[in-house]
Amino acid sequence: MGLRRRRVEEAVFKLLMGVSTAVVAGSLLFILGTVVVKGLPALDLTMITQTPKGGYYLGKEGGILNAIVGSLLLAAGATFLAFVFSLPVVLYLNVYRRRGSRFAVLTRFALDVLWGVPSIVYGAFAFLLMVYLGLRASLLAGMIAVALLEFPIMARAMDEVVRLVPPALRDASFSLGATKLETALRIIVRQTLPGIVTAVLIAFGRGIGDAASVIFTAGFTDRVPTSLLQPAATLPLAIFYQLGTPVAEVQQRAYASAAVLTLLILAISLAARTIGRRFKRHTIK
Amino acid sequence: MARVGAVGLALAGVLAGTAGCRKAETGVLSGTVTLSGAWALYPMALKWGEEFRKIHPKIRIDVQAGGAGKGVADVLSGMVDLGMVSRDIRPEEIANGAFPIAVTKDAVVATVSAANPFLKDIRTRGISRAALLDIWMGRKPVAWGRVLGLPAADKVHVYTRSDACGAAETWAAFLGGRQEDLGGVGVYGDPGLAEAVRRDSLGIGYNNVNFAYDAKSLRPVEGLAVVPLDLDGSGALDPPESFYGTRDELTAAIAAGIYPSPPARDLFLVAKGTPSRPAVVAFLSWILNEGQEFVPESGYIRLGPEKLAESLKSLRR
Amino acid sequence: MKRRLRDALARRTMFLLSAVPGALVALIFLGLAGKSRAVLALNSFAGVLFGTTWQPLRGSFGLFPFLAGTLWVTLAAMVLAVPVSLLTAVYLSEYASPKVRGVARPVIDLLAGIPSVVFGVWGTLMIVPFVRAVASFFGATSSGYSVLAGAIVLAIMVFPTIIHVALEVFASVPQSLRDASLALGATKWETTRHVVLRKGLGGINAAVVLGLSRAFGETMAVLMVVGNVARIPRSLFDSAYPLPALIANNYGEMMSIPLYDSALMLAALVLLAVVFVFNIGARLVLVRAERKAE
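Residue numbers (our numbering), protein chains in the order written: chain A, 1140 to 1424; chain B, 6 to 322; chain C, -8 to 285.
What the hints contain is simulated information worked out from the structure, not anything from laboratory work.
Any given hint could be a false lead.
[To be verified] Computed spacing ranges between beta-carbons, pair by pair:
(1) C/A171 x A/A1406: 42 to 52 Å
(2) B/D253 x A/F1169: 44 to 54 Å
(3) C/N196 x A/R1237: 28 to 38 Å
(4) C/R92 x A/F1169: 41 to 51 Å
(5) A/V1151 x B/P122: 44 to 54 Å
(6) C/R225 x A/V1151: 29 to 39 Å
(7) A/L1272 x C/F36: 26 to 36 Å
(8) A/D1183 x C/S88: 34 to 44 Å
(9) B/P265 x A/A1161: 54 to 64 Å
(10) C/S35 x A/I1187: 45 to 55 Å
(11) C/R(-6) x A/F1169: 15 to 25 Å
None of these values were measured; they are calculated from a predicted model.
Virtual Cβ for every residue (Gly too), placed ideally from N, Cα, C.
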């Protein structure tokens, strides 16, 4: 094969690669651009400080406070629940169990399975639980569904960081007489704190943006929830329910919700990145 | 650390649980009444909730839409107090404990985009039931020309509802079938269908009266046009068949029985078994008495006196 | 003494908590399967899976149109996503300067973080009219709510998954292999093709399968643009009704039609099983590749 032909082939593929990368980057810009163009003009003080008046499908006045507060409360509660389960599991697998122990392998396998479960299945399962427990569509039910979704994501992200801790550090701690619990909490966690915080943020971001898990479980309302047993509006559902409507003011609320949600997630992404970089200073290399 | 969190959550749960069981103090009713279901009843339920709150400020009325199917599912599984249902209740639902109370009446109308190229013909000829049957239940796509007797080859873009709802069931009943027999692109929710049709100049869909007409102007929603029914199949819209200009004209025609039932139909609030909670019973009996005043101004039709009496009787039982 | 007690208590609690993942997997499968029994008592599993009529009011629960819809949309999405993702991953891994790589990483993460509904909004506003126009260009009529619209939106959603895994796979190919190839006079592209891609083939397959599994389970964005018509699609411009959309749209009807809730839970179970098989298969391949590289 002549050198010339090989060079031409390389050039062709380089072009295709460039185009592909441009497509990927361009899609992001296109989507963010659409959200900004449609959503930002709809965002004003009224939009973020008032609830919809006259019903969220028809009311022309009001804003999306119900969805903003509902989403924040729901995601916070769900993330907390997921954290309460994730951290002990990850610490247990990495500190108390030997590397490659059968229990650890099986548990990690289970976490992998859970990670791949579509959120609609979590919603369906949570709905079964709700009916079984006699729970109504509420903030609490939504928290449970989203916690189920966030748990494997958070656990995996934490596990990846904690696994990287050099065994030498762990062994040094044991040889100094520390119990496994003390090692886990005082040494490992401190070492991996940026990673843990990042894992929590990633899970939070995923949870707050999900619609399929809350569509069965959290209900929807035009009020700000004041108790765990009341239905709660969420930003993703606010978008879904209020988008397809001929009433322009209602549609504006959908675009505003999309803008708020996207901005929130961008902020969380940025925070996760910054924290990861800043805290790395304090960890032992 | 995890333990503190668990205790905290449990405590919060207990506090939350007791929030709904406030005892009635000396005759003042309080609590929450939750409704979910048909889009058709959504505007009316909101209005009723607003007015009821003026008399019983401590009772909170929570209204969610989602379709008649959701209303029945929610009330039968204990998720809400009352289901809003815009179709007839099925025997299986009654067997599962559904207790329907007729509260008002409205109708489903066919809609097209205001940008439809054949709008003038649609307005002067109307569309017959047979043509509508062809559009929604025919095996092949129909051309606008065939529907209106014109030489136009553009195909009709058919839309229907993707969520289980009374509007679709009622529309299907009008055409002689069930919701699952209706063809077309499935769109979620009544407003969603209206918007999809609005955007598609060749589209046709159906909506509840109160989503097809603007509540303030009483005319069809901006960008939407209501399809007159050619009731006698004459191929032209005679004056007695023309009542679609404003919402009130239409509701008068429905009340007079000129607009057929279906697609006009009774709207129900469904409870699981006879309602017993004081707040719920108070709301229901208010709706059947004072609440009826607000029906016409909200774009609905009052129930006839016999039906109303029947509803009241079943409530007292 | 107290420290040891605390340690023992913690150990026991954490062990119990670590049993949760396994227990959850079992619970979810059992819960869905248990609920599905009702509809399977009256119809055979094959009958439900391959039945072509979905008329719950008449008691016929054929899931085939939804499976077909899911397959059409997912496969079309993969056809669009795989070449673009792989080419991008190769570019970022082998050709891009560290600066470009540094910018690309956040871009891909951001794309991965955008919620499904936002994709749905964008799809409804931009892609549906686009498909409507493309269809009429080819002489077909389409409302725009179609397999193609779903595929385009889904493809973009799947880019980050495939790129991320592919990048990891390429990173695990030892640099020495590349250097050897270049030393023998191969061009960079030839090195990439014959060394990196060949070495990483298993991992690339895994990346694709993971992307496939993600695409299969995606609900909201596709639901908003795909048309929700319960008929087997015959062209890219036809509407379709994927399985996740079926569950999301109709859960409300569950109690009023006999066996409907059971049929929907069966649909969820089928979805879970397919995604499960894909995910595990891909993970196993990746773990094996990782071990080989160590």
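Here's how the hints hold up against the structure:
1. For the hinted restraint 42 to 52 Å between C/A171 and A/A1406, the CB-CB distance of approximately 46 Å keeps it satisfied.
2. Remark: the range hint 44 to 54 Å for B/D253 to A/F1169 is upheld by a beta-carbon distance near 46 Å.
3. Judged by the Cβ atoms, the range 28 to 38 Å given for C/N196 and A/R1237 holds: they are separated by roughly 31 Å.
4. For C/R92 and A/F1169, the Cβ-Cβ distance of about 22 Å falls outside the hinted range of 41 to 51 Å, so the restraint is violated.
5. For A/V1151 and B/P122, the Cβ-Cβ distance of about 47 Å falls inside the hinted range of 44 to 54 Å, so the restraint holds.
6. Our hint of 29 to 39 Å for C/R225 and A/V1151 holds, since their Cβ atoms are close to 35 Å apart.
7. Checked against the given bound of 26 to 36 Å, the beta carbons of A/L1272 and C/F36, roughly 29 Å apart, stay inside it.
8. For A/D1183 paired with C/S88, a C-beta distance near 42 Å keeps the hint of 34 to 44 Å intact.
9. The hinted range of 54 to 64 Å is satisfied by B/P265 and A/A1161, whose Cβ atoms lie roughly 58 Å apart.
10. Separated by about 54 Å at the C-beta atoms, C/S35 and A/I1187 satisfy the suggested range of 45 to 55 Å.
11. Between C/R(-6) and A/F1169 the CB atoms are about 58 Å apart, so this pair departs from the stated range of 15 to 25 Å.
In this structure, the hints that do not hold are numbers 4, 11, in rising order.
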